[in-house]
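Q: Listed here are the chains, written in short residue letters.
Number of protein chains: 2
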Amino acid sequence: MAEKKQQTKAVKSLTETQQQFRNAMSHLAAAVNVVTTDGVAGRSGFTASAVCSVTDSPPTLLVCLNRNASVYSVFQENQVLCVNTLAQNHQQLSNVFGGRTPMEERFAQGSWHQLCTGSPVLKDAVVAFDCQICQIVSVGTHDILCCQILETQMNHGTQGLIYFDRAYHNLTRHP
Amino acid sequence: MAEKKQQTKAVKSLTETQQQFRNAMSHLAAAVNVVTTDGVAGRSGFTASAVCSVTDSPPTLLVCLNRNASVYSVFQENQVLCVNTLAQNHQQLSNVFGGRTPMEERFAQGSWHQLCTGSPVLKDAVVAFDCQICQIVSVGTHDILCCQILETQMNHGTQGLIYFDRAYHNLTRHP
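Quick mapping for you: the protein sequence lines, in order, are chains A and B.
Residue 121 in numbering that gives the first Met the number 0 is what sits at position 122 of the first sequence, and the numbering runs on without skipping anything.
Residue 31 in numbering that gives the first Met the number 0 is what sits at position 32 of the second sequence, and the numbering runs on without skipping anything.
Note that these hints are calculated values from the structure, not bench results.
You can trust all of the hints, since none of them are fake.
Quick list of simulated restraints, FRET-style, between CB atoms:
| id | chain 1 | residue 1 | chain 2 | residue 2 | range |
| --- | --- | --- | --- | --- | --- |
| 1 | A | S137 | B | E76 | 22 to 28 Å |
| 2 | A | G98 | B | E103 | 47 to 53 Å |
| 3 | B | D123 | A | N88 | 31 to 37 Å |
| 4 | A | T100 | B | R172 | 23 to 29 Å |
| 5 | A | S69 | B | C115 | 35 to 41 Å |
| 6 | B | N94 | A | A107 | 43 to 49 Å |
Going by beta-carbon spacing under 8 Å, a handful of chain A positions derived as facing chain B:
| id | residue |
| --- | --- |
| 7 | A23 |
| 8 | H26 |
| 9 | A29 |
| 10 | S52 |
| 11 | T54 |
| 12 | D55 |
| 13 | P57 |
| 14 | T59 |
| 15 | C63 |
| 16 | V138 |
| 17 | F163 |
| 18 | N169 |
| 19 | H173 |
Just so it is clear, CB atoms sit at the ideal spot from N, CA and C, and this is done for glycine as well.
Sequences are here, hints too, so could you generate the full structure?
A: Structure follows, in structure tokens:
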């Protein structure tokens, strides 16, 4: 989702296998997150659904990022990031951080503060994970950023925004 | 979720940091999957929410698995797996594959067939990804299994089952 517009533009040159993979993967529902950073290389952020828990020893999550993404070098140089898990009312924020909006305009939306790494933390995120990147693994076009979680922030009672079948969804507790 | 009972049992010995991480991570919603394998080491399967898309060049996803899990060696030896993304009506199947039920009883539930790797494929899964494990990365207690997707199966119009805040949820399309 971070490179949604690029993907749409590139769609003509996709192989049948890639298109089939994307169609199938669109049916694996995922939470929508805005991943941010700030540091020596500047401030940056993008929308991502490819975020996943790894282990609690030590507390670690991972984020997948295309090495050709415009934001890639900023994250690689800063070596810190915050995963901000979006709430049901954050659809516009997801679109802004998932498109080609200039970085300053992206951060003009939402209300931000900082925890220990200095990465922007969305005050009303469902949950936020403030992290140090500790291991990078390349797989095809993408890097898996393995991140140690240094601090967390939670807003209890807030429901997450879900991306499924190329559309936003809300959650309803199972009967 | 694969080791839910073990986690509950071990809860007394968790550090405060680990407990905090688990609470925070429970608010990152995720699709529920049953990950299966079959091959020289036998047939096995477990429930997992730590599954994530990586890249479409080549089509790759990842699955995180505790190296101490009872099923670990079977997956490592077989080198193939199928990620079966569960539908809203698969709550019981999720519980059976997430608990301590003997393997034969697990597969007695649900209706299975095979695609090219021979791993069990759930016929009515929202989507199924039949994969070859191509790269294994150790992070703390867990391994990240990077898997090349060889074949997919989709059931259009089926809604996924979501795990959030330690409970099952259904999806409702965003207004």
